[in-house]
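Colleague: Chains as they are written, first to last, in my numbering: chain A, 4 to 335; chain B, 4 to 335; chain C, 4 to 335; chain D, 4 to 335.
Since the hints were derived computationally from the structure, they do not count as laboratory data. Misleading hints may appear alongside valid ones.
In this list, chains with the same sequence are indistinguishable; a pair is considered to hold if it fits within one copy or across any two.
To be verified - Here are the simulated DSS-like cross-link-like pairs (lysine-lysine), alpha carbons at most 25 Å apart as the crow flies:
1) K201 <-> K217
2) K326 <-> K201
3) K94 <-> K296
Take a look at the letters that make up each chain.
Number of protein chains: 4
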Amino acid sequence: MRFGLLGAGRIGRIHGLNVAARADTVLAAVADASADAASSLALAVGAEVGAAEAILADAAIDAVLICTPTDTHADLIEAAVNAGKAVFCEKPVDLDAGRIRRCLATVEISGRPLMIGFNRRFDPNFAALEARLRAGEAGAIEIVSVISRDPSPPPVEYVKRSGGLFRDMMIHDFDMARFLLAEEPVEVFALGSALVDKAIGEAGDVDTAAVLMKTASGKIAQISNSRRASYGYDQRIEVHGSAGMLRAGNIHETTVEIATAKGFRADPVQNFFLERYAAAYRLELDAFVTACKGGKAPTPTGLDGLKAQILADAATESARTGKPVSVALEAI
Amino acid sequence: MRFGLLGAGRIGRIHGLNVAARADTVLAAVADASADAASSLALAVGAEVGAAEAILADAAIDAVLICTPTDTHADLIEAAVNAGKAVFCEKPVDLDAGRIRRCLATVEISGRPLMIGFNRRFDPNFAALEARLRAGEAGAIEIVSVISRDPSPPPVEYVKRSGGLFRDMMIHDFDMARFLLAEEPVEVFALGSALVDKAIGEAGDVDTAAVLMKTASGKIAQISNSRRASYGYDQRIEVHGSAGMLRAGNIHETTVEIATAKGFRADPVQNFFLERYAAAYRLELDAFVTACKGGKAPTPTGLDGLKAQILADAATESARTGKPVSVALEAI
Amino acid sequence: MRFGLLGAGRIGRIHGLNVAARADTVLAAVADASADAASSLALAVGAEVGAAEAILADAAIDAVLICTPTDTHADLIEAAVNAGKAVFCEKPVDLDAGRIRRCLATVEISGRPLMIGFNRRFDPNFAALEARLRAGEAGAIEIVSVISRDPSPPPVEYVKRSGGLFRDMMIHDFDMARFLLAEEPVEVFALGSALVDKAIGEAGDVDTAAVLMKTASGKIAQISNSRRASYGYDQRIEVHGSAGMLRAGNIHETTVEIATAKGFRADPVQNFFLERYAAAYRLELDAFVTACKGGKAPTPTGLDGLKAQILADAATESARTGKPVSVALEAI
Amino acid sequence: MRFGLLGAGRIGRIHGLNVAARADTVLAAVADASADAASSLALAVGAEVGAAEAILADAAIDAVLICTPTDTHADLIEAAVNAGKAVFCEKPVDLDAGRIRRCLATVEISGRPLMIGFNRRFDPNFAALEARLRAGEAGAIEIVSVISRDPSPPPVEYVKRSGGLFRDMMIHDFDMARFLLAEEPVEVFALGSALVDKAIGEAGDVDTAAVLMKTASGKIAQISNSRRASYGYDQRIEVHGSAGMLRAGNIHETTVEIATAKGFRADPVQNFFLERYAAAYRLELDAFVTACKGGKAPTPTGLDGLKAQILADAATESARTGKPVSVALEAI
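Isolated chain A, as found in the complex (with noise of 0.2 Å):
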């Protein structure tokens, strides 16, 4: 299988080198605006460097993973799909949901697969969870609770670009709360502050926030988001269900733990999501090429991309507004 791969940035980066270690996987062409961060990247893997256009064109590619400004996602899945490829696009599809919902029409029409890159699912950990969830380990489910934590803020100019917090940094919550619950939300509350930098409130953003949901059934899921935490990059799921307590927790830096006359001191977590998700990244890419190759379709779907999303634009209007947001998944 023979891949393209549009945007060489730091996630484009690991998709790619990931593509290239594969047994099965060739990455046979890279694109990107910077030519430096595409030759780079190409003379790595023993890749070509090439315009999008002509990696779309070039029959001999089977699948392209999109790692470009989230403004470009829908062009290229659109341009991609109609040219035949199988699609990998880095999460979100774009901040507008109609647009997405357009974007995913299209996909539809081509029959191609199309995979959104919620990383997340694929952890080892928080996807052997979520195996034990579903094979009844903690009984129904009750409450979902995910807390995820930035160790330090992005800078102010992506923040304004971002489409806000809930966009950016809760959409990978979102998801992880719909995977978890295996129910869809039907109602938001959402509460923001910008509490770790103050050029985020004046960008019209907040930094801290917590977001309740609530299921047709009356599950409860609460997510709460930081943009810094000085010990790392804290992901932690807990799942409590009528039969017991689900829960994945963070991974240290080592096992090392010293004891002293202060108390027993272990390693910070492991900071940041390169690291924190170097499996998750691995076991995302193998989960696309198994679907690709058996003719199945990908997941997470196009469709999960536009529910996280359409959860985010509630919890963002209803930070704005102060009032619960109602939402309708079921019936996309």
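Place chains B, C and D on chain A using the hints.
Modeller: Relative to the frame of chain A, chains B, C and D by itself:
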């Protein structure tokens, strides 16, 4: 310091034995609607059995512990302070905030000390966390999380008289959130479901609930409650701040762990409040005695009781209406 | 059951207060070489102060607690049982195994109960571990590990009179190893060094030591001791068996944890035995009272005291000679 | 840097794949007594299959990895260094210390680098612990403890050829103890039993063992081994020092934990060395390549291999004779 105990049920008995065990306090008299309950405790500690009225009229009694059913609290507080007693009353003062206000006015006029039994503030773990928070170890507070899950639901008959989960169970967590935030919430949003016991839902109450609150400066508090946790009495707090995270976890029944092919298994957590908060009850009494002896007002005050009740009322209304509710505790 | 207490020092005071706190026992009289120590405790619990001889002669006293200096234990045990008392004696019976044997012979003739204060058997964590071991949770025992480290070394003057680390400190661990193994060691090899305090080495003792023991069937026990642990009183046991591993860890001062850029820091462990083993002392007394009331021989017995002493003697000899020492406890 | 691999069994395959995965090294040729093993690996990485002699004679090969059966190690090391290759050899160099000495003399004359595969030194957790120990975080070292338990015993046929537990399994722990102590042991006492598999005992070996060692300055090391641990591959180290304790624990399969009425259950630990030490093998190769490129002698050296073997021999003798054995590693 000589005490009279009004109400010798489960919690009254704890307080009575703690009074009797101290070198500087005497449990002089016990009143209870059940003659057996009163005499059993009185016999064990060498106290007399008496009617509440007689105890309040006894000039040799300095302080009373009110551990009777909730609907008698306000009347007994008023009668006791008017009789010149120092008063310790179990939460809540009343299920009606207006009644609490009138009662506190009477207390204020009397000039007598009143302490409300929010025992969790005195848990050595939570108290240490709060002290370290005040000392600035976590920096500026950003997100306060409180998890509280009972091991199993109370009988529906109890639920019907309880005022509902937010007033009966979560009131402790509202007090804890206020204790940790050190700033009053201004907005409350609540979700609740009856997932544990259908009969609780049919009685108009919930058994699974979550709340989000925000303070004027943007601090966020999240609380979740369940009436049933298979693994014990789950009592956790966590504060995320600008400089770090402080958290206090559960206490397992023993430190024993077994490792087999199934994994590493630790004990369930201590189950239930009489065990988990045994030290808290002793230290709570100690704080009351120390304050009374030193001529200082004991904490938590009647006002703390009122404010927690207002938050519980707001959550109850929010869960009913589906809308956030504003509160103005600073003004009280 | 009426008790006389011989020796009202640190440990005697604990036992005396525990006797006084029970509903079914009375601390009737206290003897101590220091009149202050005796009267301070006696006053607190309403006991009388008396000479040891008078207490032993008092027919209204059923049992005595011997908490005097070690070199008086054997004489007092003999006098007490000859006076018809039930006897609880702090470890060790004597530093000389021959003297212990003669003392136990006297006890046997008297027919009176004697219990030795190996308090750690009654620690709820260690007791639970032992019960689960006996129930077969770890399968057949293969390796028993005991770690015991004091927070700080005793004064050299104490060390000089102590009989040495193996008899003074590790004797508890020899008893614990026997308790867990449920089979007698037949061989003892010991290493010791003075690494903590040179003066201890100059006094002919060690402050850091490790022992290996083997039973006839090949089970292995390893013990390590240090007279100094910066992080508290380190008390851990671990049993590796054919079906799994059972272990019991330390108890931290609180459950509070702080996470910062330096990592996750938990509290030091409880420091020192009065705190760590508070429950063990209560439960140990309970076992003594229950046995005496039920007409059963209390455990650990005088023989347990003798066997631990023989192991301590063997370790002392092994550390001195550099050779393993054989012991024949089964034959006793 | 071009590598030849001698021996493409389980461990050889790991090293071969690691060589092939690096950008700066090439696995050029593979030799194995099993043509299938050799060609399977060669095919996967694009290497050639060849005889060991041919690989050693090939001037285009810079370094060889020796992963053949133990009894061929010394001969191959000698042949390889005489052919001018840099050599990485799996432990042990030989089961006979005299043969090791002769081999190392040949290596020294050749001037070629030799590194011995004590992979655990490169485990990120253990390496971090050692670095912090050297930085003084625990103060002066007093007690080093190493626990090493395999998940299940090897076949008896393997055991018969293995040199015995102390040379085959505990040799890693002897190296680890030396690595941590930073001072040579002068005395070794060992106990061993066949508790896991009677057939191992009948073959003259043990499957459960413990060792005590002492250095000239009085530092103590204790090691325990079992050939069977139901809960995974148990690999723990702990160093007690004057200023504190440093320890490194096991890695569980995932971070998932389930809480039910039976307690809190975490996963078994990683099972077995290919998984637990995957990173260690990569980092070990990295250290070899870095040293060779930089013209420095790689560590652990052949002398480290010899010294660990001498300790293993001493333990074997001690377990056989029941007496401690003195060793003089400083003089080597």
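Colleague: Which numbered hints turn out to be false for this structure?
Modeller: none
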